[in-house]
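Undergrad: Listed in order, the protein sequences are those of chains A and B. First residue of the first sequence? That's 1 in the working numbering, and the numbers climb one at a time after it. First residue of the second sequence? That's 369 in the working numbering, and the numbers climb one at a time after it.
These are computed hints drawn from the structure, not numbers from a lab. You may find that some hints are simply not true.
[What the hints assert, rightly or not] To give an idea of the interface, some chain A residues facing chain B are shown, with a C-beta separation under 7 Å as derived from the structure:
(1) A5
(2) K9
(3) R191
(4) A199
(5) S249
(6) S252
[Claimed, not checked] Stretch by stretch, here's where chain B covers chain A in the computed footprint (C-beta under 8 Å, at least three residues):
(7) 132-139
(8) 200-208
[What the hints assert, rightly or not] When the alpha-carbon atoms are kept at most 25 Å apart in a straight line, the in silico BS3-like pairs for lysine-lysine are as follows:
(9) K357(A) x K384(B)
(10) K357(A) x K474(B)
(11) K474(B) x K461(B)
(12) K2(A) x K461(B)
(13) K474(B) x K203(A)
(14) K501(B) x K442(B)
(15) K8(A) x K559(B)
(16) K203(A) x K559(B)
(17) K461(B) x K203(A)
(18) K474(B) x K8(A)
(19) K559(B) x K2(A)
(20) K528(B) x K559(B)
(21) K8(A) x K384(B)
(22) K2(A) x K384(B)
Even glycine gets a Cβ: it sits at the ideal position worked out from N, Cα and C.
Letter by letter, the chains look like this.
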Amino acid sequence: MKLVALIKKEFHRFFHDPRLIVTILLPGIVIFLLYTLLGNIIHTEESREMKVYLSGNSAVVEVLEQQIKESGDKVEWLPLENEEEARAAVKEGEATAILTFSENFDLFGEGARAGIVYDSGSENGSYFYGLVTSVLISVGMRFPIDVQTVNDSADMGREILTSLLPFLVVTFVFSACMSVTLESVAGEKERGTLSTILATSVKRSHIALGKIIPLSCISAIGAASSFLGVVLSLPKLMGLDAAMFTGYSFISYLLLFLLILSFVPLIVSAIATVSTLSRSVKEASAYTSVLMILVMIVSIVSLIVAQFGDWVVAVPVLNAVTAMGQILSGMLPVWQSLVSVGVNLVFTALLVWLIAKMLSSERVMFGK
Amino acid sequence: MEDLFTSEIVRAENLKKTFTLSRKQQRLEKTSLTRKVAVNGLSFSANRGEIYGLLGPNGAGKTTTLRMLSTLIKPDEGDAYIMGHSVRKEPQKVRDCVGFLTGELKLETFFTPDYLFDFFGAMHGVEKETLVKRKRELFARFGIDAFSQVKVGDLSTGMKQKVSLVISIVHDPDVVIFDEPTNGLDVLTAKVVTDFLAELKRMGKSVLLSTHIFSLVEKLCDRVGIIIDGKMVEEGPLEGVCGERSLEEKFFELYHGLKGEIV
Chain A
1 MKLVALIKKE FHRFFHDPRL IVTILLPGIV IFLLYTLLGN IIHTEESREM KVYLSGNSAV
61 VEVLEQQIKE SGDKVEWLPL ENEEEARAAV KEGEATAILT FSENFDLFGE GARAGIVYDS
121 GSENGSYFYG LVTSVLISVG MRFPIDVQTV NDSADMGREI LTSLLPFLVV TFVFSACMSV
181 TLESVAGEKE RGTLSTILAT SVKRSHIALG KIIPLSCISA IGAASSFLGV VLSLPKLMGL
241 DAAMFTGYSF ISYLLLFLLI LSFVPLIVSA IATVSTLSRS VKEASAYTSV LMILVMIVSI
301 VSLIVAQFGD WVVAVPVLNA VTAMGQILSG MLPVWQSLVS VGVNLVFTAL LVWLIAKMLS
361 SERVMFGK
Chain B
369 MEDLFTSEIV RAENLKKTFT LSRKQQRLEK TSLTRKVAVN GLSFSANRGE IYGLLGPNGA
429 GKTTTLRMLS TLIKPDEGDA YIMGHSVRKE PQKVRDCVGF LTGELKLETF FTPDYLFDFF
489 GAMHGVEKET LVKRKRELFA RFGIDAFSQV KVGDLSTGMK QKVSLVISIV HDPDVVIFDE
549 PTNGLDVLTA KVVTDFLAEL KRMGKSVLLS THIFSLVEKL CDRVGIIIDG KMVEEGPLEG
609 VCGERSLEEK FFELYHGLKG EIV
């Protein structure tokens, strides 16, 4: 009953204050408008003409052709006779990609594989690669695709996108959490209103949960707004087909959702811990900036390091970022994702316990 | 003997509290000491239906004492019992039977008095029907009905104090602790507060208040404790403490005896 009253109070304050609602929703809208505008400036809407060497046959080819036609683009299929020559053509820009299917590909049999060779530095090549992978995921391909690029430079397309998205998610989640948590925890402590609640018979653990639960929900709305802003506008910015985001399975989206859902309360708890320790919003902001840098470093590490061992699931933040990266690459790291969710929730519970302890500490609460 | 014991609602035994001084505080207090004894061996008791006044200058330890009694901070030594519950060992039970109001405890400016009354009622576990009845009574008595739907941030100091007052007694506590209850109030609001304190006494509640206003103690209190530098220098029934003199004369006699003449 007391916990419910505490939770309702936070929601009441948020949903009755237009400024807070704008603070949470505005970043997503601004990101969408800004990225879309930039995308329109950078990428022209000229139709693409692609030449693709094809080896083996699959129903996937028909789906690809249909999607390309619907986009107003053209594709010419060439039989793959000499791979060396075809590779040279891709490298020279005379062809877009080489696409290969094993004989039993459509039967999902043992050893069924697909392969693509493309120029990751070419806009057409990256577009075609994104299209192929999204179609393969949409038809339920559960085995890896052999990907080779003829360009040593970094892929400007999907690879950047899939590795960058988890980092962006972390950034937006952190920003959303920061904007509501600092004010609610450090602000209340600074204004002395938290002491008023401490003078009642409510349990300290309920006060901590009464902050973390609603702030996590509110932050999740903010993070979702920013995330949607990115997802809807980034393909435009990167010159990719937005269809690549619709190609993921329900399980992939569910895992992504669970990872973000476990990540939000973790970040809220971490910021709330720092805010409870601080004497003012200003002090809490300074400490939270350090926390943000740490989280950013961990996220960046996941961009740089190609693969981690299984131990990564035990490291909060890094576990979620790594799992999200794998999901966006077309993999389905089910157990890693679920363990990561569990680990994040355990760390959240630990932080809630710590906050409850700090609320009982007069040194922390009254600076004595 | 039993009657005497059960009528003792508040009992403080040898309370001691020491604070660590920050460098800024050391500079302000012009001392090189890193610790300050705020309350030093304080003992007193208050009975049911009594108003007990803690009188002393700023920094004497009045607020620290009241905060220990309301379980916001823990005594370093000694203990206090409210309705028989130890503030050290049973803080949760103490909070259930204490209403605490201090100038340092603030209300969130975003909410209305109506919302905050319901919220703090829920915090104290007051049942909904009781809460509605109590809100009607208290809001009418303090004239809060007129601004019950106005955000606290838009209220005057007097209005805020009225709201704080009713919220501190939302759960109908047996012991009410008020730290400087009339500070910063206009004469009309101060009168409402002092009248209410007298009514709490008539209702059989125990009231502990800290103040530096002699007239308030003389008008309301049955017992008085004079605190100087964290020590109880005189304590007892008002008549016994003052004798033939006024409270003000008695206070300065004690003060000068300890600290010397004020220049």
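Undergrad: Hints first: check each against the structure and report whether it holds.
TA: Cross-check of the supplied hints:
1. A5: holds (4 Å)
2. K9: Holds - the Cβ of K9(A) comes within 7 Å of chain B, reaching about 6 Å at its closest.
3. R191: Holds, about 5 Å.
4. A199: It holds, given that the least Cβ distance between A199(A) and chain B is near 5 Å, below 7 Å.
5. S249: With Cβ-Cβ at 44 Å, over 7 Å, it is violated.
6. S252: violated (41 Å)
7. 132-139: violated (count 0)
8. 200-208: holds (count 4)
9. K357(A) x K384(B): It holds: about 23 Å lies between the C-alpha atoms, which stays within 25 Å.
10. K357(A) x K474(B): holds (22 Å)
11. K474(B) x K461(B): holds (23 Å)
12. K2(A) x K461(B): Holds, because 16 Å separates the two Cα atoms, which is no more than 25 Å.
13. K474(B) x K203(A): holds (19 Å)
14. K501(B) x K442(B): Violated, at roughly 35 Å.
15. K8(A) x K559(B): Distance of about 36 Å is beyond 25 Å: violated.
16. K203(A) x K559(B): violated (35 Å)
17. K461(B) x K203(A): holds (11 Å)
18. K474(B) x K8(A): holds (20 Å)
19. K559(B) x K2(A): violated (34 Å)
20. K528(B) x K559(B): holds (15 Å)
21. K8(A) x K384(B): violated (39 Å)
22. K2(A) x K384(B): Roughly 33 Å between the alpha carbons, so the hint for K2(A) and K384(B) is violated.
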